[in-house]
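Sequences listed follow chains H and G, in order.
Start counting the first sequence at -15; every next residue gets the next number (the working numbering).
Start counting the second sequence at -15; every next residue gets the next number (the working numbering).
Hints were generated in silico from the structure; no laboratory data involved.
Being a predicted model, the structure only gives us computed values, none of them experimental.
The list treats identical chains as interchangeable, and a pair is accepted whether it falls inside one copy or across any two copies.
Straight-line C-alpha distance at most 20 Å; calculated EDC-like pairs for lysine to aspartate or glutamate:
#: 1; residue 1: LYS395; residue 2: GLU557
#: 2; residue 1: LYS303; residue 2: ASP322
#: 3; residue 1: LYS303; residue 2: GLU578
#: 4; residue 1: LYS319; residue 2: GLU304
#: 5; residue 1: LYS395; residue 2: GLU304
#: 6; residue 1: LYS232; residue 2: GLU191
#: 7; residue 1: LYS162; residue 2: GLU318
#: 8; residue 1: LYS209; residue 2: ASP157
#: 9; residue 1: LYS315; residue 2: ASP157
#: 10; residue 1: LYS209; residue 2: GLU264
#: 11; residue 1: LYS496; residue 2: ASP322
#: 12; residue 1: LYS531; residue 2: GLU578
#: 13; residue 1: LYS232; residue 2: ASP255
#: 14; residue 1: LYS460; residue 2: GLU476
#: 15; residue 1: LYS164; residue 2: GLU264
#: 16; residue 1: LYS319; residue 2: ASP157
#: 17; residue 1: LYS258; residue 2: GLU178
There are 2 protein chains.
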Amino acid sequence: MPSYKAPVEEVLFLLRDVFPIQRYNNLPGFAEATPDVVEAIVSEAAKLCEETLQPLNQTGDRAGCVRNKDGSVATPQGFKEAYRAFVEGGWVGLAADPDYGGQGLPFTLAAIVDEFASSANMAFAMYPGLSQGALAVLLTHGTGAQKTMFVPKLISGDWSGTMNLTESHCGTDLGLLKTKAVPNGDGSYAIFGEKIFISAGEHDLAENIIHLVLARIEGAPAGVKGISLFVVPKILIEADGSLGPANKVTCGAIEHKMGIHANATCVMNYDGAKGWLVGEPHRGLAAMFVMMNEARLGVAIQGLAISEVAYQNAAAYAKERLQGRALSGPKYPEKPADPIIVHPDVRRSLMTIRAFNDAARALAIWTALKSDIAHRSKDKTEVRAAADSLGLLTPVLKGVLTDVGFDNTVKAQQVLGGHGYIEEWGMEQFVRDARITMIYEGANGIQALDLVGRKLPKDGGRAMMGFLGEVKFFVKDNEADASLAPYLLGLEQGLAHLERATMWFMQNAIAKPENAGAGSYDYMHLLGLVALGYMWAQIAKAAIASKAAGNGDAAMEAKLLTGKYFMERIMPETSAHLARISAGAGTMMALPAEQF
Amino acid sequence: MPSYKAPVEEVLFLLRDVFPIQRYNNLPGFAEATPDVVEAIVSEAAKLCEETLQPLNQTGDRAGCVRNKDGSVATPQGFKEAYRAFVEGGWVGLAADPDYGGQGLPFTLAAIVDEFASSANMAFAMYPGLSQGALAVLLTHGTGAQKTMFVPKLISGDWSGTMNLTESHCGTDLGLLKTKAVPNGDGSYAIFGEKIFISAGEHDLAENIIHLVLARIEGAPAGVKGISLFVVPKILIEADGSLGPANKVTCGAIEHKMGIHANATCVMNYDGAKGWLVGEPHRGLAAMFVMMNEARLGVAIQGLAISEVAYQNAAAYAKERLQGRALSGPKYPEKPADPIIVHPDVRRSLMTIRAFNDAARALAIWTALKSDIAHRSKDKTEVRAAADSLGLLTPVLKGVLTDVGFDNTVKAQQVLGGHGYIEEWGMEQFVRDARITMIYEGANGIQALDLVGRKLPKDGGRAMMGFLGEVKFFVKDNEADASLAPYLLGLEQGLAHLERATMWFMQNAIAKPENAGAGSYDYMHLLGLVALGYMWAQIAKAAIASKAAGNGDAAMEAKLLTGKYFMERIMPETSAHLARISAGAGTMMALPAEQF
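With the rest of the complex left out, here is chain H:
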C-alpha cells in the first residue's frame, strides 16, 4: 500500500528562505501568518492529510462512487467522516474573507494545503476544492444577498460548490452551449438543459450543493456573447436561510472513467431548476473566468501533488528492492543484491522527478504569492505587475505542471517494474488519477492557445516583458556569485531560447496566426522550463546562504545537486522546443484533413 509524508520542511524552507513571506506583511492576512502560525498550519494540514485522507485513497479508488436509483450519490466509505474532519478544521475557509467566516490567511497557504490534500487523496480533495471556485465567483460577482446566502455556508463546508460549463456537444467551445434560462418573472430563472462532466455534481458529503451554471437567457444572442451565469442550489433556500424543498436539478448518471473514481463525475439534468443571475446578463463567461483561473492553478497543483506522492513511493521502493549490483562494484556485498537505487538509470528517473517537483512547488508558491499581491495589495503598480505574472503564468502552470506531473507518475511507476502495473501497489492509480489533470479546466492545448493567443500579446506583451525582465535582473544581480554560476548559465541558455521563440512569433505569427497555434504547445513548455529554472536559481541561492549559515547542510547540498541535475538534463530541452516553434505551421497544416 502506498504511503505519503507531506513535504513540510520543504515548504517551510521555501516560505522562509526562498520567498521570505515576511516581506508581504503589509498585505491583509500576512501579518497574522507569523513563522509560528505558518509552521503550525502546515504541520496540522500534513497530519490531517497523512492520517485521515491518504488511508482512504486506495479504498476510495476501488469502491468508487455509486449513484442510487433516486439520483443520490454515495461517496466511498470513510469519505463523510473525512469531510467532516476537513471542514471542522476550517480548511475550506483558510484564505477566505473574514467578513463571511473565513480566516483571511494568505492564499499561498491554502495552495500549500491543497498540494498536501491532493497528494494524499486527489479525488477527495476535489470536493472541498470545487467550493473554492464557487466562492471566488460569488465574492467577485454575486449580489450582497447572494453573498450572505451562500458564502458563509460554502466557507463552513456545510455546503459545497460546482462549476457547470460543459455540454455533450461543447467543452472548449462554450459559444455552442444550449442550456436555457427562462425568466420566472420574480427575478429568478428556470434553467433547462443537460450538463456533463460535472465533478462533485452530486454527493453525500454536504447538506447542499451550490451549482454555478452557464446558460443562455431566452432570446440572448448566439455565441459566447449570449451566455449568462446562474447560481442554482440543489436544495432551495428559504428566506430565513434554512433549507427548503429540492430544486429541479438531478444527477442523471455518473461517468465510468479512467481514474478519480472516488469523485463523482455527473451528468446533471436541469429540468426547470430555479436559478439566479450572477453578474450581468450575457457576461457569464467573463464571470466564470474568475473561477477558471483559480481552478487552473488548483489543477496545476494537483499535477505536482501526484508527482510528489508517486516520487515518494518510487524512492522508497528503490531503496528497499534488492536487484543486481552497482556498476562500480557491490555496495552491499553482505546482501544478496544491491538496492536498485545504486543503478544510474533508476536514479535518472528519480532525479528527474525531484528536479521537477522541487521547482514546481516553488513556482506554485511564487504564483500564489502573485495572486495574494494582485488581490490584496493597495499599491497599483505592484498589483498590476503581480496580475500580469499571474495571468501569464496560470496557463503555463496548468499545462506544464500537469503534463510533467503525469509523465512523472509514469516514470515513478516504472521504477517498480511489474509491481507498478499491479493495482495493489497503488502506483497505477497515481497514473490514472493524474491523467485527468491534463484534460479538465481546459485541456492543455487550450492553455497553450490561451498563453500564445491571449496572454502573450495582451497590453503589447507587457506581462512577458515583465517576466523576462525579472529573470534577467535576477541573473545580472547574482552573476558575481561564482557558486551560482552552474544555475545561472543553464537559466540564461533557456532564456535565450525563450527570447528567440518570442521574437519568432512576433515576426511570423501576426500575419499568419497558425504559426502561433503550431508553436503554442512548445512555447508553453519552453516558458515553463525557464520559469522552473528561475525557481532553481532562487532555491540554489537560498540553499547556499543557508549552508553558509550552518543550517541543514545535507538537505541543502541535496537541493544544490538536484538543481544542477535540472540544469544539466532538463533545461537542454529548450533547444528542441525552439526548433519546433521555428518550424512553423507549414508542414502541419499542409496535409488535407481526409489524409488523416
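Got chain H; can you put chain G on it based on the hints?
Okay, now just chain G, sitting in the frame of chain H:
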C-alpha cells in the same frame, strides 16, 4: 466504441516499394511469398483482426479473466471462438518450420499480422503470441523427442506456451531465483517454487499449456550460472501423444492490474510438477534468451500497434467533432463550428503520432527482415551482418517503440478531451494496455543497459559500426537527389549527434561504467530516432519514385509531408539526448541514497 482498420495499403507499400521483399527470394519461404500471396495473407489477417478480434477488445477489458475456485481461469466471452478462428486460420504457424506443420513463410509476414492483431485486441493476441517464444526455444534447444512432442501442437494452436521467469523477489536479477528442480531419476525433474506475472499462465483457450520454466537444479551453483530451463506441461503427455493426468502446476491467483484485463497474469505454483530439461544444465538463461529476443520484438510491435489504433480513433474524432473556428477563418461556415482537425495543436498531436507510426512500422519490418536473413540465409557474411543489426536494434525497438507508443496513446486520448477519460470511448483502455509494454520482457531501462553495456561494445562495436555505415552509405548514395534533401539533412544531423554520443561513451565510460549507465536511456532513444529517421529517408525515396511513376499521388504526398514533419519536429530531440549523455553520471550518482 473505438474502431480499427488494419493498415493494409501501408504494409504493401513497405513490402513492395520500400524494402522490396522479392530481393530475398533466395531465402527459404520467400519465393512462396509472391506479391499475390502477400496481399492475400495481409488482407485475410486484416479481416480476422477487424471483424473477429477487435469487437472483443472493449468487452474483454470490462469482463477481465476470472479464476475459478479450482484454479482454472475463464477468459472473457467470445475469446474461445476467436481463438479457434485464429488457430484454424493457421496464423500461429505462419512462419513456423514446415517440418512440424508450419507454413514456413517469412517471419516478416508474421510480424505484420502481429501488429494487426495487437491493434485489434492486444490482450487476446498475447495468448497465441506467447506460443511463439516457446516454439523458438524448443526448436533451437529442444531434443528431437521434445520437438516431436510439443512443436506440432503449439503450431496448430491446440496447445499454447508461456515463459516462467519472474519470482516475487526477482524480475530483472534472475540470478536470485529460487525455484528448485529435483531429479526424479527417470530423466525428468520435480519442480518446486512460485512464479509470478506469468502471462497466459492459465486459461481456457487451449487443451494444454506448455510452460518453459527457469529453475535451479538441486546443488547447482548460485547466481545466473546455476539456472536451467525446463519444459513443464500443464497436462502430462502419454507416450502415444495423448493427454494424461494433470501435472502439479496450478494457477494460485490472477493479478488485478492496470490493463490487459483479458489476459490472465498468473501466480503459478509448482508443487513437484514434472519437467524436462531443455538444453544444457545450468545454461538455461542462454536458452531463454532466444525466447526473450523474439518476445522483445513482439512487445515493440505491440507498442506500435496500440499507437496505431489510438491514432485512428483520435483522427476520426478530430474530423467529426465540431468545436471552435480555424485561426485562418471558418473552414465550414455552414456548420456551427469547424471540426477540430483545423486547429494546429490538434494536428500537432496527430502528425506527431503518425510520423512515428509510419517509421516504426518500417523499422519493425526492416528488423524482421534482418531476423529472416539471420535465421534463413546460407551466406555467412550476410547472416553475420543481419544478426548484428538484429541484436543491436532489438533493445532499441523494445524501448523506443513502447515508450513512444505509450506517449502516443496519451496524445491520442488528449485529442478527445474529456471523452478520452471516459471508459465508453475506449481511448483510456489503449493507455492502460500500452503501459505494460514498457515494463514486461525487460523494463525499458534494462533494454537501454543491454544496448549500451552489451550490444554496443560487443565484437569491438562491430554492430554499431555496421549500422552507422549502412545509414551513411544511404545518405551518400542519395545526396545527389535534391528532392530527398530535407530528409537527408535531418538524418545527418541526428547521425552526427549519435556519433558524438558514441564517441563520448568510448572516451568516458570504459574507466567509469556509471557514465554508460547514466546515458543509456538517452542513447537508446537517440539511436531510435536515427533509426526512425533512416526509415523516413527510405520511405521518402520510395514515395518520390512512386509519385514519379504516377502511383497514388495523394497518399505519397501525405507520406512526404509526414516525413518532413518528423525531420522538422521530432529529429531535433537528438540534441537534448546528446546533452544529457554528455552530462555524465557525476551529479546523478552524487546524491546519497538516504536523501532520496
